[in-house]
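We have chain A already, so just place chain B on it with the hints.
Residue numbers (numbering that gives the first Met the number 0), protein chains in the order written: chain A, 0 to 194; chain B, 0 to 184.
It is worth saying that the hints were derived from the structure and are not from the lab. Glycine included, every Cβ here is placed at the ideal spot set by N, Cα and C.
Quick list of in silico lysine-lysine cross-link-like pairs, BS3-like style, CA-CA up to 27 Å:
| hint | chain 1 | residue 1 | chain 2 | residue 2 |
| --- | --- | --- | --- | --- |
| 1 | B | Lys92 | B | Lys41 |
| 2 | A | Lys71 | A | Lys45 |
| 3 | B | Lys117 | A | Lys72 |
| 4 | A | Lys43 | A | Lys188 |
| 5 | B | Lys157 | B | Lys41 |
| 6 | A | Lys188 | B | Lys117 |
So the derived list for chain A, only partly shown, Cβ under 8 Å to chain B, looks like this:
| hint | residue |
| --- | --- |
| 7 | Ser22 |
| 8 | Ser23 |
| 9 | Met126 |
| 10 | Asn127 |
Pair by pair, the computed Cβ-Cβ distance ranges are:
| hint | chain 1 | residue 1 | chain 2 | residue 2 | range |
| --- | --- | --- | --- | --- | --- |
| 11 | A | Asp31 | B | Val177 | 32 to 42 Å |
| 12 | A | Asp39 | B | Glu178 | 47 to 57 Å |
| 13 | A | His140 | B | Gln109 | 37 to 47 Å |
| 14 | B | Arg76 | A | Gln67 | 29 to 39 Å |
| 15 | A | Pro99 | B | Glu178 | 34 to 44 Å |
| 16 | B | Arg91 | A | Asp59 | 39 to 49 Å |
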Amino acid sequence: MKSIWFYLVLLFMMVPVSGYCLSSAFEGSVYDPGTLKPRDSVVKVKVGDPVPDFRLQTIDGGQVGPGQFRGKKNLVISFIPAAWTPVCSDQWPGYNIARPLFESFDAVLLGISVDSLATLFAWTRAMNDLWFPVASDFWPHGAVADSFGVLRSNGTAERAIIIVDKKGIIRFIHVSDINVRPELGMIIKALGAIE
Amino acid sequence: MKWIVPVVLFAMAFPAMAMDARSPGEKLLEISLETPDSLKVKEYLGLAAKPSFIMDDLDADVVVVEVFSMYCPHCQREAPVVNRFYDLLVKRKTPGTSIKLLGIGVGNSQFEVDHFRKTYDIPFPLFADGDFIVHRALGQVGTPYFIVLAREADRSWKVVLSRPGGIQSPEAFLTTIVELTKGEK
Chain A
0 MKSIWFYLVL LFMMVPVSGY CLSSAFEGSV YDPGTLKPRD SVVKVKVGDP VPDFRLQTID
60 GGQVGPGQFR GKKNLVISFI PAAWTPVCSD QWPGYNIARP LFESFDAVLL GISVDSLATL
120 FAWTRAMNDL WFPVASDFWP HGAVADSFGV LRSNGTAERA IIIVDKKGII RFIHVSDINV
180 RPELGMIIKA LGAIE
Chain B
0 MKWIVPVVLF AMAFPAMAMD ARSPGEKLLE ISLETPDSLK VKEYLGLAAK PSFIMDDLDA
60 DVVVVEVFSM YCPHCQREAP VVNRFYDLLV KRKTPGTSIK LLGIGVGNSQ FEVDHFRKTY
120 DIPFPLFADG DFIVHRALGQ VGTPYFIVLA READRSWKVV LSRPGGIQSP EAFLTTIVEL
180 TKGEK
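For reference, chain A alone in the conformation it holds in the complex (with noise of 0.2 Å):
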């Protein structure tokens, strides 16, 4: 019984805030959808695979996808669920200073959401722009998220990090729980056992 209350009150100390922005930079503008499921989807893809292969629109008026850094950079994919919330508004900002992290590993960094190329367009000047390609997976909805296997049941992705090497393949896979950023150290520590 003791060993049952001493858990609980370390659990309780453990909770992570969740869905919760805390940057002034969106204080009134960013929708709070409140702690959601954690994870709502089954991933298709494993380490060792090659990555789906798609291309998607990104807000610079350009295409992105994973054949135009085959040879060339590593990639990390950042999904996120959904523009102008909360943990998402606090995620992408922070890689903006993380560049040099990512540049050292030769990576570059593929942001990607469902939501459409106008509400990305507009989220990411809010943050004064993002050094990496922003894409939009709105239509076919989700279709890209889905190849992956982190396109939850409401339509948004999984808050979610895929590592591909220069060869094409799946190196890393990391679907967090959905109210939680996924850690920078965890990322640079799988980019760096690519190398």
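Below, chain B without anything else, positioned relative to chain A:
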């Protein structure tokens, strides 16, 4: 004896469940932080060689706490300004109240806090609060946020300033702090 730890933790946490930021005049709950490895930081804060410390252990009359996140674009832009504020504190020739500065990286891991420190060459102590424990005790404020604490005669800490947003003018911020803490020592 195993009961003591969770009971103390729970007692500390319960009042901190309030969503409001700490207001001037309030007493600060005890917050425990891991003692940094850096000798320079230990000397700056006046810490002994213990694995963790509480506010009471700090060698300061006034502590300015910056609540930040590596992921916060405003905090990123604010970093050079806060560095200039730190420089003012270090260069103060006026004797009397000692003012120290530290930062709490809410929701940030040690790796993330270290990266923020290296990116902006931050000279003052930064602490990771990956599980938002300190953040809860401070009222779950947004970032950046500044809380200024003054030590009272009974050695407890009182909040004298609590505000969201950046410093804007390091000189004006320091003047405000000095005015608010006159006679607190």
